[in-house]
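J.: Sequence:
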Amino acid sequence: MKYLFKILTIISVLKFNLVNICHAMTSPTAIYACEKIVVRVEDRKRYCLTHDVEGNTHNIILND
Numbered sequence: 291m292k293y294l295f296k297i298l299t300i301i302s303v304l305k306f307n308l309v310n311i312c313h314a315m316t317s318p319t320a321i322y323a324c325e326k327i328v329v330r331v332e333d334r335k336r337y338c339l340t341h342d343v344e345g346n347t348h349n350i351i352l353n354d
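So the sequence shown is numbered by the working numbering: it starts at 291 and just counts up by one.
Derived from the structure by calculation, the hints contain no laboratory data.
No residue lacks a Cβ here, since even glycine has one placed at the ideal position from N, Cα and C.
Careful, some of the hints might be misleading.
Label-pair restraints from in silico Cβ distances [claimed, not checked]: (1) Y293 / H341: 51 to 57 Å; (2) F295 / I351: 52 to 58 Å; (3) N349 / L294: 53 to 59 Å; (4) L339 / K296: 56 to 62 Å; (5) T299 / D342: 39 to 45 Å; (6) L352 / T299: 46 to 52 Å; (7) R336 / I297: 54 to 60 Å; (8) V343 / T299: 37 to 43 Å; (9) K296 / C338: 38 to 44 Å; (10) Y293 / I350: 51 to 57 Å; (11) V343 / K296: 41 to 47 Å.
Produce the entire structure from the sequences given, and follow the hints as far as they go.
T.: Right, here's the structure in full:
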């Protein structure tokens with residue numbers, strides 16, 4: 291019983307650390323390259339027009 295508890299504890303610690311390592315290796319945010327920067331007349335804000343890898347169009351508001 292004592293060995294079983296130790297083995298289960300070791301497995302749970304390894305599993306927890308593996309999940310943390312996998313999360314650390316992934317990118318938290320998407321990185322976009324602007325294809326075109328436009329200024330809308332109605333609000334005078336600059337927008338970055340771009341597409342993601344799946345072909346979806348995005349209009350990202352740029353900060354001044």
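J.: Next, verify each hint and record whether it holds.
T.: Now for the hints, and whether the structure bears them out:
Distance hint for Y293 and H341: a CB-CB separation of about 56 Å, consistent with the stated range 51 to 57 Å. Checking the proposed 52 to 58 Å range against F295 and I351 shows it holds: the Cβ atoms sit about 54 Å from each other. Distance hint check for N349 and L294: the Cβ-Cβ separation is about 57 Å, which falls inside the suggested range of 53 to 59 Å. In this structure the supplied range 56 to 62 Å holds for L339 paired with K296, their Cβ-Cβ distance being about 58 Å.
Restraint check, T299 to D342: a C-beta distance of roughly 42 Å satisfies the suggested window 39 to 45 Å. Checked against the hint of 46 to 52 Å, the pair L352 and T299 passes, with Cβ atoms roughly 50 Å apart. Distance hint check: the CB atoms of R336 and I297 are about 58 Å apart, consistent with the given range 54 to 60 Å. Between V343 and T299 the beta carbon distance is about 41 Å. The supplied range of 37 to 43 Å therefore holds.
For the pair K296 and C338, the supplied restraint of 38 to 44 Å is violated, since their beta-carbon distance comes to about 54 Å. Here the CB-CB span from Y293 to I350 is close to 56 Å, well matched to the stated 51 to 57 Å. Range check, V343 to K296: Cβ separation about 45 Å, and the 41 to 47 Å hint holds.
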